Amino acid sequence: MDFILAGFFEAIRLLLGGDAQTWSAVAATLKASTGSMAVSLVLGIPLGFVLGYVDFPGRRQTRLLVDTALALPTVFIGLVVYAFISNRGPLGGLGLLFTLRGIVVGQTILALPVVIALSAAAVENMDRHLRTLLITLGASRRQLLFSSLWEVRFGLLAAGLAAYGRVMTEVGISMMVGGNIKWHTRTITTAIALETGKGMFATGIALGLVLIAIAFMVNVSLSFLRKR
Amino acid sequence: MRSPIYQIDHLVHRYHGQPVLDIDQLLIQPATIMGLAGPNGSGKSTLLKLMAFIMRPDEGQIYFDGVPALPFGSVVRFQVTLLTQEPYLMKRSVFNNIAYGLRVRGQGEDTAGRIHEALEMVGLDPERFSGRQWSELSGGEAQRVALAARLVLKPRVLLLDEPTASVDAVSSELIRTASLRARQEWGTTLVIASHDREWLYDVCDEVIQLFKGRMTGTGRTNMIFGPWQEGGDGGFHKRLGDGRRLIVPAPPHAEAIAFIDPAAFRILDSPADPVAEHEACIDGTITRLSLERHSGRLYADVRAGSMTLVVCVEAAHVAAMTLHRGWPVRLAYRPERVQWH
Numbered sequence: 353m354d355f356i357l358a359g360f361f362e363a364i365r366l367l368l369g370g371d372a373q374t375w376s377a378v379a380a381t382l383k384a385s386t387g388s389m390a391v392s393l394v395l396g397i398p399l400g401f402v403l404g405y406v407d408f409p410g411r412r413q414t415r416l417l418v419d420t421a422l423a424l425p426t427v428f429i430g431l432v433v434y435a436f437i438s439n440r441g442p443l444g445g446l447g448l449l450f451t452l453r454g455i456v457v458g459q460t461i462l463a464l465p466v467v468i469a470l471s472a473a474a475v476e477n478m479d480r481h482l483r484t485l486l487i488t489l490g491a492s493r494r495q496l497l498f499s500s501l502w503e504v505r506f507g508l509l510a511a512g513l514a515a516y517g518r519v520m521t522e523v524g525i526s527m528m529v530g531g532n533i534k535w536h537t538r539t540i541t542t543a544i545a546l547e548t549g550k551g552m553f554a555t556g557i558a559l560g561l562v563l564i565a566i567a568f569m570v571n572v573s574l575s576f577l578r579k580r
Numbered sequence: 337m338r339s340p341i342y343q344i345d346h347l348v349h350r351y352h353g354q355p356v357l358d359i360d361q362l363l364i365q366p367a368t369i370m371g372l373a374g375p376n377g378s379g380k381s382t383l384l385k386l387m388a389f390i391m392r393p394d395e396g397q398i399y400f401d402g403v404p405a406l407p408f409g410s411v412v413r414f415q416v417t418l419l420t421q422e423p424y425l426m427k428r429s430v431f432n433n434i435a436y437g438l439r440v441r442g443q444g445e446d447t448a449g450r451i452h453e454a455l456e457m458v459g460l461d462p463e464r465f466s467g468r469q470w471s472e473l474s475g476g477e478a479q480r481v482a483l484a485a486r487l488v489l490k491p492r493v494l495l496l497d498e499p500t501a502s503v504d505a506v507s508s509e510l511i512r513t514a515s516l517r518a519r520q521e522w523g524t525t526l527v528i529a530s531h532d533r534e535w536l537y538d539v540c541d542e543v544i545q546l547f548k549g550r551m552t553g554t555g556r557t558n559m560i561f562g563p564w565q566e567g568g569d570g571g572f573h574k575r576l577g578d579g580r581r582l583i584v585p586a587p588p589h590a591e592a593i594a595f596i597d598p599a600a601f602r603i604l605d606s607p608a609d610p611v612a613e614h615e616a617c618i619d620g621t622i623t624r625l626s627l628e629r630h631s632g633r634l635y636a637d638v639r640a641g642s643m644t645l646v647v648c649v650e651a652a653h654v655a656a657m658t659l660h661r662g663w664p665v666r667l668a669y670r671p672e673r674v675q676w677h
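Chains A and B supply the protein sequences, listed in that same order. 580 is the number that our numbering gives the last residue of the first sequence; the numbers go up by one with no jumps. 677 is the number that our numbering gives the last residue of the second sequence; the numbers go up by one with no jumps.
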């Protein structure tokens with residue numbers, strides 16, 4: 353029990369004391385997750401809207417594929433992305449291996465199905481009267497799209513939060529694609545794995561608490577927005 | 337004569353391949369009130385949605401102001417609005433719900449004043465209701481806010497799909513009054529679908545009967561569902577309870593629906609009067625007398641067993657004032673005047 357308690361105090365010391373390594377990992381985590389979430393939301397919400405709203409041929413099969421992608425293991429995504437962006441891979445020339453941009457690519461593949469599937473579910477559950485209401489009040493096609501998205505904003509928020517949770521806590525992609533390079537691609541989760549491997553439980557727990565604190569702050573901010 | 341605001345030609349619409357609406361032609365003049373009557377599934381709501389340009393018909397054409405119109409078309413987008421049966425509002429405040437239509441039209445001037453006026457029209461105190469959220473309203477209040485969101489637009493056409501079916505009596509009366517004010521004040525054309533036939537016949541310039549997606553006529557009619565039973569004498573009838581029978585000619589099939597024109601019935605001066613040859617008769621009690629506003633005709637609702645028949649009252653009876661609610665009457669009619677669908 354002592355080492356858990358020590359971990360808690362170590363977390364406070366690392367954060368308040370401005371430990372450079374800890375803050376480097378925090379910064380790497382925030383950069384990678386922000387990048388991947390931005391791409392996932394920009395691509396995922398419109399795709400989720402189309403999947404939930406438009407009755408196109410092959411819709412059910414597409415839905416099945418997206419739902420299956422929800423269960424993709426992070427190490428498998430890491431493996432595939434590694435294969436593509438390594439020097440021998442088709443995208444090797446882009447120089448993404450062992451970079452934060454490489455991690456962003458992998459985390460986007462992880463988060464995108466979550467955003468698409470949950471956005472589609474939110475749109476599917478949208479009241480069938482909404483379309484009638486918006487058209488009858490004079491909405492154009494574009495206004496119909498944006499007003500419908502605004503009506504399901506809480507569902508979209510939940511989709512974003514769920515995806516963010518997966519991205520923040522994944523370790524497989526960051527480890528395989530990022531390489532866990534100190535001061536460069538070491539994220540909080542890969543740092544925890546490393547510190548635990550070295551027997552530095554206190555530091556591992558401290559970093560875990562930092563991760564939880566970030567997640568808590570994100571949720572508090574979104575909860576505030578929701579109330580508005 | 338002015339050109340019609342709506343001209344509907346050879347309109348066919350299907351759900352899952354099954355035709356639900358088949359209208360050869362329908363004309364609606366501007367600033368009139370048209371009623372749509374008919375049982376559930378007769379196509380009233382589908383017709384209103386097509387007239388609101390929410391969906392496009394499978395076949396045929398709807399002309400608006402003489403121009404072929406389609407959903408999102410610039411000709412109709414800001415002209416026509418529809419109020420549906422279920423009170424549905426967006427997840428925002430009353431003010432923002434009513435302001436939405438003004439915003440999409442780019443009409444930002446004096447929004448607060450116009451919303452204030454619209455809320456007063458539907459009998460809601462603007463001070464109390466403007467700031468409320470959609471979730472803080474009762475069903476009747478929500479439907480009145482929904483109507484205010486249409487009235488604030490001062491539409492050229494207001495389509496009402498059973499607007500009072502889900503609300504209490506007070507809200508119902510306020511919705512009816514506010515709808516009629518739209519025509520009085522702005523010359524709005526109203527098309528109203530309702531099961532409340534007394535309301536329809538009271539306010540409408542014309543009432544169209546719809547049945548299984550087809551127009552079966554205008555004005556009042558008696559629509560009588562089976563089952564039809566064969567009598568011992570080879571004739572057919574429907575049992576109405578209390579020993580009463582409605583005698584009809586042979587129906588084309590077991591599920592056929594009989595239509596009888598209210599003018600086909602003749603109220604006998606005295607129940608003891610003999611009926612003419614080939615006439616059948618049925619006894620009942622007058623439950624209501626109503627005046628059709630635009631035609632000036634008087635109609636009587638006659639309760640016969642489990643059914644209420646609408647009967648056109650002849651001028652002689654009106655002059656003699658021999659009919660009152662609760663009076664027993666005998667109706668005579670010729671069974672061959674029954675029409676089948």
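Honestly, the hints are just simulated from the structure, not real lab data. Values in this document were obtained by computation on a predicted structure and should not be read as measured data. Check the hints yourself; a few may be wrong.
Ranges of calculated distance between the beta carbons of each label pair, as one might list FRET restraints [unchecked claim]:
{"#": "1", "chain 1": "B", "residue 1": "S502", "chain 2": "A", "residue 2": "N477", "range": "37 to 45 Å"}
{"#": "2", "chain 1": "A", "residue 1": "M569", "chain 2": "B", "residue 2": "E509", "range": "27 to 35 Å"}
{"#": "3", "chain 1": "B", "residue 1": "E463", "chain 2": "A", "residue 2": "R365", "range": "24 to 32 Å"}
{"#": "4", "chain 1": "B", "residue 1": "S410", "chain 2": "A", "residue 2": "F576", "range": "35 to 43 Å"}
{"#": "5", "chain 1": "A", "residue 1": "A514", "chain 2": "B", "residue 2": "P588", "range": "54 to 62 Å"}
{"#": "6", "chain 1": "A", "residue 1": "N477", "chain 2": "B", "residue 2": "H346", "range": "32 to 40 Å"}
{"#": "7", "chain 1": "A", "residue 1": "N477", "chain 2": "B", "residue 2": "L625", "range": "48 to 56 Å"}
Cβ coordinates follow ideal geometry from the N, Cα and C atoms, glycine included.
Here is what the structure says about each hint:
| no. | hint | verdict |
| --- | --- | --- |
| 1 | B/S502 x A/N477: 37 to 45 Å | violated (22 Å) |
| 2 | A/M569 x B/E509: 27 to 35 Å | violated (53 Å) |
| 3 | B/E463 x A/R365: 24 to 32 Å | violated (57 Å) |
| 4 | B/S410 x A/F576: 35 to 43 Å | holds (41 Å) |
| 5 | A/A514 x B/P588: 54 to 62 Å | holds (60 Å) |
| 6 | A/N477 x B/H346: 32 to 40 Å | holds (38 Å) |
| 7 | A/N477 x B/L625: 48 to 56 Å | holds (50 Å) |
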